[in-house]
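*Asks:* Sequence:
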Amino acid sequence: MKGNGILIVEDDRDASGLLARMISRRYPATSVYSAANGRKGLEAFLQFFPEVVITDITMPEMNGLQMAHRIGALSPETRLIAMSANLERLTTSSGIRPVSFDHYFTKPVNLSDIFSALNDILQK
Numbered sequence: 104m105k106g107n108g109i110l111i112v113e114d115d116r117d118a119s120g121l122l123a124r125m126i127s128r129r130y131p132a133t134s135v136y137s138a139a140n141g142r143k144g145l146e147a148f149l150q151f152f153p154e155v156v157i158t159d160i161t162m163p164e165m166n167g168l169q170m171a172h173r174i175g176a177l178s179p180e181t182r183l184i185a186m187s188a189n190l191e192r193l194t195t196s197s198g199i200r201p202v203s204f205d206h207y208f209t210k211p212v213n214l215s216d217i218f219s220a221l222n223d224i225l226q227k
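Okay, so the sequence shown: first residue is 104 according to the working numbering, each after it adds one.
Please note that the accuracy of each hint is not assured.
Pairwise CB distance ranges (calculated) [unchecked claim]:
no., residue 1, residue 2, range
1, 132, 164, 26 to 34 Å
2, 151, 124, 13 to 21 Å
3, 120, 224, 18 to 26 Å
4, 124, 219, 28 to 36 Å
5, 132, 189, 32 to 40 Å
6, 117, 209, 16 to 24 Å
7, 146, 107, 18 to 26 Å
8, 131, 216, 19 to 27 Å
9, 227, 131, 17 to 25 Å
10, 163, 131, 29 to 37 Å
11, 146, 215, 24 to 32 Å
Just so you know, these hints were derived from the structure itself, not from any lab. All C-beta atoms in this analysis are idealised placements derived from N, C-alpha and C, irrespective of residue type, glycine included.
Let's have the full structure, built from the sequences with the hints guiding it.
*Replies:* The following block contains the structure:
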């Protein structure tokens, strides 16, 4: 079910656009998709089945934890990377079972950290 691609789910358009451009330059053979919130991220996931999902946690409509939980149930092999200004949001229970993220980063995110995580994931 897993495809070749990276989905970025981030409600900050500037941050999402920058990250998508930088990833596209670094990995030109990999498709990069974007979504503005968890609900749209889940829809994009179901359309493209990317190998990696990079998500913000705090977003409108459906947060990153809720989306990641659903993606994990649908496709356990999909690799998840979380970004958050507040890492405590990753560990608080909001009625959702804990989500297993492969990597997580505090915002503002250093691009070299994202690239290192992607290298780790894509080379496996």
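*Asks:* Just pull the numbers of the violated hints for me, sorted ascending.
*Replies:* 4
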